[in-house]
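> Sequence:
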Amino acid sequence: MSGHGVGRTGTSARSARICFHLDFQLIGYLMRRRVLRRRKQSVVAFVLAMLLAAAMAAPGGAAVHTQPHPAQWWFTTWGVEDLLWPHSKGKGVTVAVIDTGVQANIPELASAVLPGADFKHENGNARVDWDIVNHGHGTGMASLIAARGGRNGFYGVAPEAKILPIIADTDEAYSKAIPFAVDRGAKVINISQAGPGECDPRLQQAIRYAIDRDVIVVAGAGNDGAGSNLSLSPANCKGVVAVGGSTKQNTPWHKSQRQPYVTFVAPAEGVGSVLKDGQFHTSEGGTSSATALTSGAIALIRSKFPQMTNREVVRQLIASALDIGPPGWDDQSGAGIIRPRLVLNGEIPKNTPNPVFEEYDKWLASQPDSKSQGQERAEEKSGSSAGGAGDSEGGINGPLVIALAALVGGGLLIAAFVYFRVRGRRAAVAASHPQPGPYGPQSGMGPVPGQTVGGPPPSMGAPMPPQQQWRSASPQSGGPYSGAHGQPPGPSAPGRPPGGTGPQQFPPPQG
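Convert by adding 33 to the 1-based position in the sequence shown; the result is the number in the working numbering.
Source of the hints: derived by calculation from the structure; they are not laboratory data.
Each hint should be verified, as a subset may be incorrect.
[What the hints assert, rightly or not] Quick list of the computed label-pair ranges, beta carbon to beta carbon:
#, residue 1, residue 2, range
1, Pro339, Asp216, 13 to 23 Å
2, Glu114, Gln282, 14 to 24 Å
3, Gly379, Gly230, 33 to 43 Å
4, Pro212, Pro388, 20 to 30 Å
5, Asn156, Asn378, 37 to 47 Å
6, Pro359, Asn384, 19 to 29 Å
7, Asn283, Pro382, 18 to 28 Å
[What the hints assert, rightly or not] Below, computed lysine-lysine pairings styled on BS3-like, alpha-carbon distance capped at 30 Å:
#, residue 1, residue 2
8, Lys383, Lys271
9, Lys395, Lys271
10, Lys209, Lys271
11, Lys395, Lys209
No residue lacks a Cβ here, since even glycine has one placed at the ideal position from N, Cα and C.
Could you build all of it, start to finish, from the sequences and the hints given here?
What follows is the structure, encoded as structure tokens:
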């Protein structure tokens with residue numbers, strides 16, 4: 034017993050050192066396991082986030098809202114969900130929006146807005162809406178055409194179409210913007226602007242350029258029919274589809290322009306939209322909105338029937354119209370309110386009148402080079418383009434899209450796994466050697482360098498109606514706009530453009 038007692042102190046100290054060493058190793062092991070476990074959790078969270086984002090971004094995939102906004106009464110008028118979308122959602126069609134720019138970063142327009150052009154300031158790609166007078170007129174028009182649902186549950190008529198934003202507000206700028214849109218692949222050009230006066234010859238030639246290349250130009254008829262009721266451009270240009278307004282009761286909207294150039298009408302009264310602050314705003318409405326809704330309907334038709342010519346699309350839309358004014362054609366409602374479902378269903382009879390192109394052809398015949406490429410094409414395809422039902426969507430077919438999506442998604446998942454696996458190993462090895470932190474806070478992106486603010490677009494014939502921000506299922510009155518992003522450095526004064534060219538500019542209605 035005594036022999037055992039002699040070395041007890043040394044043995045105890047040695048055992049303590051061994052235990053301390055083992056405890057230190059155990060702590061290190063547990064710390065490494067904890068780091069790896071956190072990395073694995075990060076991988077899982079990352080993969081789930083990517084899958085959710087992909088599902089939300091994919092056409093026809095899950096979105097924040099699956100039902101349209103309750104204030105979108107025109108969805109009932111046209112039967113958008115039940116009668117139009119089963120045929121087409123506008124896939125493969127680009128709609129040019131010539132306006133004040135489009136705020137591309139709002140949720141409703143995520144993935145919808147292409148790089149465009151600014152023909153007012155001669156810089157930028159128009160993916161920022163510089164309208165500070167009406168808080169985003171161009172964005173509102175784009176949302177009526179192609180909004181994806183996003184934060185507010187607001188859908189455009191053609192939620193799978195693309196938007197090509199272009200800033201322009203004078204005849205000279207329009208004459209540049211229209212060929213640009215055509216050359217960038219737009220099949221529909223939406224101009225929810227207008228100014229008093231006859232059609233400028235430069236603008237008319239630009240419209241001819243579009244028509245020759247199978248593009249449809251749509252413009253607002255104007256909102257001052259109960260007032261001065263002036264003839265407005267570009268609605269009065271030959272070959273333009275000039276859209277008037279209708280009410281919730283399918284009657285002519287009392288403010289819509291009464292002019293012989295009115296082709297037909299579309300919903301205008303009380304049509305709100307999502308503006309540049311990303312929020313839905315109610316509005317008194319106007320033919321600007323009716324024009325945008327018509328452009329969305331045309332996108333659906335051109336998506337389902339990609340071989341149908343511009344002349345045939347316009348003819349069939351005119352033939353689809355329900356007469357809502359005095360019997361026959363009238364200056365306030367034209368042919369009546371259009372019913373896109375009849376075109377998509379193939380229910381339009383052949384050989385109905387097409388006054389838009391009849392007037393255009395008369396003008397064209399008076400030109401030195403009277404026979405255009407578009408006219409020659411139309412003659413070659415006469416009678417053969419009314420169908421097209423066999424090409425349901427155009428572009429890449431569904432199975433190929435799914436296969437490509439699977440390949441891309443698989444590649445992303447593999448890349449994510451490898452990335453975090455390597456990071457996890459490095460973190461485990463270097464856990465006891467922390468790396469330096471960031472050098473400082475990172476600043477957000479400001480306005481586009483050199484971008485200046487434009488004034489409001491030309492008037493639709495009346496001052497801007499009051500608008501309210503929607504905060505619940507029922508529209509309610511509210512204060513001034515708030516939270517608008519992408520504000521430009523400072524406004525430029527509205528008025529007639531330098532040199533006296535182009536239409537006079539006034540604040541346009543949101544409609």
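> Give a verdict on every hint.
Hint check:
no. : hint                         : in the structure
1   : Pro339 to Asp216: 13 to 23 Å : 19 Å, holds
2   : Glu114 to Gln282: 14 to 24 Å : 21 Å, holds
3   : Gly379 to Gly230: 33 to 43 Å : 40 Å, holds
4   : Pro212 to Pro388: 20 to 30 Å : 25 Å, holds
5   : Asn156 to Asn378: 37 to 47 Å : 45 Å, holds
6   : Pro359 to Asn384: 19 to 29 Å : 25 Å, holds
7   : Asn283 to Pro382: 18 to 28 Å : 22 Å, holds
8   : Lys383 to Lys271             : 23 Å, holds
9   : Lys395 to Lys271             : 9 Å, holds
10  : Lys209 to Lys271             : 17 Å, holds
11  : Lys395 to Lys209             : 24 Å, holds
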